[in-house]
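Participant: Spelled out from the first residue to the last, the chains are:
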Amino acid sequence: MKLKQSILSAILGIGFLYGNVDAADIKIGIAAALTGNAAQYGLPIRKGFELAAGEINVRGGVNGNRLELIIEDEQGRKEEGINVFKKLIFQNKVMMLFGPTLSNSAQASDPVAQAAKTVVFGTSNTADGITSIGDYVFRNSVTERDILPITLKIAAQNTGLKKVAVIYGNDDIFTKSGYDNFKKALRDLKIPVATTETFAKGDVSFKPQLTNIRASNPDAVVLSALVAEGAPIMVQARQLGITLPFIGGNGMNSPRVFELAKGSSDNLWVGSPWSVESPAPENKRFIAAYLKAHGTMPDQFAAQAYDAMYIAAQALKTIKPTGKLEADRKALRDALPAMQWNGATGPFKFRQIVGRNGKPAGYDAVQTAIVMMTQANRYVIKN
Amino acid sequence: MEWLDNFWATYSTLVLSVGTNVLLALSIYLTLACGLLTVANAAFMAIGAYTAALLTLQTGTPFLLALSLGALLPALIAMLIGRPTLRLSGVYLAMATLAFGEVVRILILNAEDLTGGALGLNGIAQLTTGFDVAFALIGTLYVLLRFAGSRIGRTMAAIRQDEIATELMGLNVRAYKLFAFVLGAALAGLAGALNAHFTFFVSPNEYGFERAVEILAMGVLGGTGSPWGAVLGGVVVTLLPELLRGFGHYRPLINGVVLIVIIIYSPKGIWDLTRFMRRHAGKPAVN
Amino acid sequence: MLAQQFINAISLGGVYALFALGFTLTFGVLGIVNLAHGAVFMLGAYSALQAVILLRLPLTAAILAAIVITGAAGWLLDKLIFAPLRARDAPHLAPMIATIGLAICLNSSVEGFFGAQNLRFPVEALPTETLSLGGIRITWLELQIVLLAFVLMGILMWCLKQTRIGRALRGLAESPKAAALLGIDVEGLFRLTSVLASLLGGVAGVLIALYTNAVFPLMGQPMLHKGIAVVILGGMGDIRGALLGGFFLGFAEVFSVAYVGSTMRDAVAFGLLFAILLLRPDGLFGKAAQRRA
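Chain order of the listed sequences is A, B and C.
Counting from 466, one number per residue, gives the positions in the first sequence under the numbering used here.
Counting from 3, one number per residue, gives the positions in the second sequence under the numbering used here.
Counting from 6, one number per residue, gives the positions in the third sequence under the numbering used here.
By construction, these hints were calculated from the structure, which means they are not laboratory data.
Incorrect hints may appear among the rest.
[Claimed, not checked] 20 Å max Cα-Cα, derived SDA-like pairs, lysine to any residue: (1) A:Lys749 x A:Gly811; (2) A:Lys582 x B:Gln128; (3) A:Lys727 x C:Leu131; (4) A:Lys582 x B:Asn8; (5) A:Lys666 x B:Ala113; (6) A:Lys727 x C:Ala66; (7) A:Lys655 x A:Asn623; (8) A:Lys814 x A:Ile615; (9) A:Lys558 x B:Leu6.
Since the structure is predicted, the reported quantities are computational estimates derived from the model, not experimental observations.
For reference, chain A alone in the conformation it holds in the complex (with noise of 0.2 Å):
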């Protein structure tokens, strides 16, 4: 055992040695979903971040540090999420993580990031309870919480909607959280819920449903649902004959809509800190590259994660490694917070927020929504 001991220490010191010759690579962890259903969401994640790496490696990288990603597929599944973090944190020895993709999977392995000091970045965790966890937990998805209300607000504006009804998937903690977020901004803005109604992931048929609703007369659908489930909700509705528009959560924004929605994807309003029609040149730029890099347009997701590499990249630079891990891991988040962007997804800032014991946590994400409404299949920007 010592013998073995002994060789296995004298190849990992000249290993670290021949490491140290050269600019050492930063690595970077990415836990996303690969494969399973949510790979939906986790390949344009990777694209966007794979995307963000690309060039700020070919512009020189971090002080001449190249950006090393190490990419996992954590298959949406919270066990796998578990292990990918504790790999990547304790045998590829990462700077930082990126991910998981769905929030369900965050609940359960962010907490292993906190509790072992590295910075985690989370691009698509929207629901609530997740920064809360510590002060090593990050996301630039902004929570529903926030946006909700503003798109509420110029919806209702533009409509005059007086009362709504609500469907929402309430099965799914992406969906569920959604739905008590927009409960709580109808109840704020004093808008009367007609009736609410749920349905599951996988449903065929929301006939039922929508046909209640229908009965209910309301002057707009509040819809929290992902665009699998919510474009046929959409379908369905105007095949029951139900006109009316379609007020939707994050969820609901991706071109995907026109697609899986033909023909009934009009009156479609969503909010969202990002949209494919804003003409900011960051923008602009990103949506081109975008395109020539992968041959399709960007989401959502795709625009969240490659600015999130670019604030964390920005935030590297600021630090000096020293080559110890934990004090390197220690001086990244240090500079984190104070970090402010302007990208895809717009002007960009952290604001901490208050955990479960009433002490200082993580770091929300603090941007301005975009309102659009869909239109002739395209989202057209309404305030």
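Chains B and C: place on chain A using the hints.
Facilitator: For chains B and C alone, coordinates are given in the frame of chain A:
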């Protein structure tokens, strides 16, 4: 020693998962050994997990007490529904228990104020240690192996072979079946309670159809001839995805192929393969 | 509103019945709970979709393509998996586990090939007419699904009663050993059943993909879930039972949404299933078919 620390830091969750999955496999082995195809173990696991987690989260109950209650409550529920449900047999029993499992999952989903609904329970304390899991496993295996060799085990095997004949011999078949069902529920509940306390977070969707099918697969894949079959099944099903990690995108595909190949070449489960070795070693081939 | 919900229930029931037909056939004749039926269903949908998109075939030809591909899948399923297990006299749960593995393979292959996101049929391929009668609306496609479920059931029942092969299948379902002794080509019939059940699943896949306009790798899983309930309700292996069970579940679901509340919908449906099983252990219409674990 640093190697061990590093290994544990990276793989502790995996090792503990293997442990709780073996417990789950043992819970279904117990009922399969009696000829009962019950698929409610995922639901009992959920009840155990939520009970224990709520106790430690809301009332600061000491861990061992929470674990015990996490095993007790599913057992009580199993006792309640056991009597009418176990009159069914074969696939109908499986489906009734599957339906029960669905109802449990939806009740948990809807009892938002208590269980957090779809948002789940967050921030569960990391209380499960390797020792807890090892202790539970060793205890369970010891008991089940003792059963297998004793009158209880032989009666269960008899029930599995021919229920009517066993009844005619004067044995209380119903009592044995209920016993297996309730004990299986307790084991599944215990596994759930342990699992909740090393994964930080539980939500109703983890305990649905997929989990129930996974538990059944562990039991059948390992082999129902002996508790060791369940151990094998639990280990293989848990470790296989991890071992296949290097295959990246092909991981689930190879996972599926391995399952198919194993079951075709050893339909009675992996444990059955060792039958040959045991025969050569002079020990009687069980079952 | 009641009338519209009634129509919704019939339409949903038709969907469930169509899926359950192939599923119940596999159990009735082969004695296997085919947990890959959802994956075969999905395969049918993707086959038709690619036929329309890549080969630019009209919808009917696409459905034929789906039938061919899923039928072939059924053939392979029996030849490569069920037959070897029969030859080894496997315990009757073993094929079910194999189908679990197969489902994983199919789902992940399709996901790897076509991606995990939802796809849809091009608008031109879709029959979109909606019929409207005094405030009640039903699409032409929904009607077709319901009609097809009845038609297929009728054809299957007729075949089972009147044709030689049908009678042989019924004999096989009762007792494989007796059938073999009577000189019936047991292996051939098993294979035929697997083909038939799979292509029924494939057809269901295409139609339901058109109905929901969502094609994605895991689309068969929730259907499988419901399908199991339908087949239990109607009696495992009973063709009429698949239809009756399907409509029963459709009505139970729709009316619990309409009058109890959508959150409890699945609890009501499965709770009913649980209660019915306790009262009538062989399903609403089932025979006394018992199998040991």
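Participant: Check the hint pairing Lys582 (chain A) with Gln128 (chain B) against an upper bound of 20 Å on the C-alpha distance.
Facilitator: OK: Lys582 (chain A) and Gln128 (chain B) at ~16 Å, within 20 Å.
Participant: Hinted pair, alpha-carbon criterion (20 Å max): Lys558 (chain A), Leu6 (chain B). Please report holds or violated.
Facilitator: With Cα atoms ~16 Å apart, Lys558 (chain A) and Leu6 (chain B) stay inside 20 Å; holds.
Participant: Sort out whether Gly811 (chain A) lies within 20 Å of Lys749 (chain A), counting only the CA atoms.
Facilitator: holds, 11 Å
Participant: Holds or violated: Lys582 (chain A) and Asn8 (chain B), Cα atoms, limit 20 Å.
Facilitator: Given that 20 Å is the threshold and the Cα spacing comes to 16 Å, the pair holds.
Participant: Just to be careful, I want the Cα atoms of Lys727 (chain A) and Leu131 (chain C) compared with a cutoff of 20 Å; is the pair within it?
Facilitator: holds, 11 Å
Participant: Could you grab the alpha-carbon distance between Lys666 (chain A) and Ala113 (chain B) and see if it respects the 20 Å cut-off?
Facilitator: Holds, at roughly 19 Å.
Participant: Between the alpha carbons of Lys655 (chain A) and Asn623 (chain A), is the straight-line distance 20 Å or under?
Facilitator: holds, 16 Å
Participant: Mind checking the alpha carbons of Lys727 (chain A) and Ala66 (chain C) for me, to see if they're no more than 20 Å apart?
Facilitator: violated, 23 Å
Participant: Regarding the pair Lys814 (chain A) and Ile615 (chain A), is the alpha-carbon distance no greater than 20 Å?
Facilitator: Holds - the C-alpha atoms of Ile615 (chain A) and Lys814 (chain A) are around 19 Å apart, at most 20 Å.
Comparing the model with each numbered hint stated earlier shows that hint 6 is the single one that does not hold.
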